[in-house]
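Enquirer: As a plain string of letters, each chain reads:
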Amino acid sequence: MLAWNQKNFLIVDDFSDFRSSVRSMLRELGVKVVDTADTGEEALKMCAQKRYDFVLHDFNLGDGKKNGQQVLEDLMTDRLISHESVFVMVTAENSQAMVMSALEWEPDAYLTKPFNRASLAQRLEKIVQRKTLLKPILQALDRGNPTEVLNACVALTQQEPRFAPLCLRYKADALRDLNQHEPLEAFLKSILADRPQPWAYAALGKLLFKRGRHAEAQTVYEEAIRAFNAMPVLYDGLADVLVATGDSKRAQKMLEEAVRLSPYAVRRQRLLGKLALENEDFDGASKAYRQAVSQGQFSRFKDPETNLGFAQALISRGGERGLDARTRVEINQTLTEVAKENGNDAGLQVRARLMKATSVASSDPEMAAKLTEQAMERLEGMEQFLSADAALAVASQLKALGQEDAGAGILKSCAEIYGDDPQVMQNIARQTDDPEILGAGKAAIDFNIQGIRCYRAGKLGEAQDLFRQGLALQPKNISIALNMAQSLLHMGVHNLDAASLAECQNSLKMVGKMPESDARFERFQKLRLRAFGE
Amino acid sequence: MKDQDLGLDFSMVIASTVHDMKNSLGSLIQAHGQWVKQLPEACRGTPDQGVIDYEFAHLNGMLVQLLGLYKLGVNQLPLRPDYHELDDFIEAQLAFHQEVLVSRGITARYAVDDFGLPGFFDRELVGSVVSNVVINAIRFARSEVLITAGQVGEQLVISINDDGPGFPARMIEEHTDYVLGINQNSGSTGLGLYFAANIAKQHQRKGVPGHIEITNGGELGGGLFSIYLP
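So the protein sequences, as listed, match chains W and G. Oh and the first sequence: position 334 is 334 in our numbering, straight run, nothing missing. Oh and the second sequence: position 215 is 215 in our numbering, straight run, nothing missing.
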């Protein structure tokens, strides 16, 4: 029997009747400490102040509030509860929360309302038994140490083979965190050959995708969806693959399916909005972005890009017809929020103003001109790099608002920063024919390609020389700057003379204004850490 | 007027209504449970109380099943199989029905063959099937219900046996034509078997689907329901 009287409980539900009913069940079991909260936000605060052994959380706490899955995500990401603690998701319906599952974090159990004391006690005791057994794994997880997790899985499986199924997912996650790609692939395939589970399909699909094996990833996801046709996470995965292979129409269909199954997911709605916008389905884009904005209010995935995307979708939906009053209010609201909440981000300030100017260009040209002017002023002194997508949008808006030269300037700097990416250059070419913009980077890019070749062949000196020449032509090119720094750091930072170290640090400083959303940001951080030793 | 005229998807209307009904019933059950606790000892455990507890459980089971059937119909029934300890699974079932069993004076026990590894199935879906069969068994049992789990060949078999009069002969003969039962005045029983068979069928391993069987006899001599999961 469990020592109930030593355990701390937190009940989170918006119905006071339910809270008091569960509280009295727990009291009857001998529990002394029962705290309650009626919103997820409150629950998070309480968990930050006190360690709870058990959290019983209602899944649906009403519209416009964090739901149980979001609270669980926040608790785990911010490490507000231990892996040894028990989180039980209370749902009104058997399958309701299931569609949320196979995400990164899963509760220890689902409990369907109504339940009685006997059921509650039985579930909790079983979970505690299981967690006691898994203690070494859970403690390693709390320490964030995947190697220990792996060892603990092996030890537990050896000690008692019947516990092996309990370890499968922990083991797979640990292999993933350790980047042990081949063992992970073999392990997941063996699970799928024996007893297919949705999470194993999702993990394998993700791994193959990450390794660039798109066709195989697609096959895995398609097979998974045939076996488990109501798991949104599988549609998400397939959509990612389809985007990468350029089939954005079908990718959108997949996300629409996932949203139908599980509409409450900010990231999914945002991605759907983005895809629909690309596919010129402006109704669909508006709808998805609207959901993403409103759900995002209370989510850790709140993101100004969502608001900007929403405004863009609404403007595009209006098209030649222009915008009705209600839409203008909606656009104004969503953009004001961006400007207000990102006071220090020059790029966002510029983009919010230009977007707004675009939306009022025909209804209020004076306002549009004023906003454009403000945006241009901020653009002037801005050091930070816009992402390629943002730069392209800003350039086309500037052009449409009559600022052709400023637009061309943006395209030019975009070509310098991202010129080695053929996709970006293609998009730039859609907006301009100017050979000075389209051809300026060619020589630098050639140096870069040759440099990479030499670097791979181990000809370090030659590689450095080539990167140096490329960088002299295009000092803001992120790829060349990172390659320059990496080739200098190759022999170890301690072997660099003062001049080389300065060169390395300067090239990193120059691209230090890159957007954090850039895929190379992590690589940049690592190089910076080595070069500056911070 | 047809539902198309209203622009309504009628099955969705039913499903969302059932969803609300289930929430309502949940609150009712919870409140009733609180209220009973405040009654003097002598007023508890009366036959009326048995009826109330049984019908609560029965109603809840039917609503869960109806929602399940709706999702099955629109291809939205999420199947999420995982490994589960069988004693844990069956204990949870009995705990769920504890009040009804006590107030109807029925003894429930279970027996699990030890076969090393836990079972592999969707806990919620198989749980709702077993729960409905247990409610049915409680209705017909005189004094005992027995749940067993074991392995037959490569398959896991969970059986529910009672000491009542057993299933009618016609039902056993025609149990593969479950849906017929609905038209033939046998109420929701046919639908329950249809649901159970479908849930069983969703569980597949290497091309072998699960299935259900009903018969009479077993250790307790009454109705015997079995679900086979590969």
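You may find that some hints are simply not true.
Stated by the list, open to error - Derived DSBU-like pairs: lysine-lysine, alpha-carbon spacing no greater than 30 Å straight-line:
1. W:513 with W:412
2. W:249 with G:206
3. W:189 with G:206
Read the hints as simulated data drawn from the structure, not as lab findings. Since we're looking at a predicted model, the values are computed, not measured.
Enquirer: Mind listing which of the numbered hints don't hold for this structure, in increasing order?
Expert: 2
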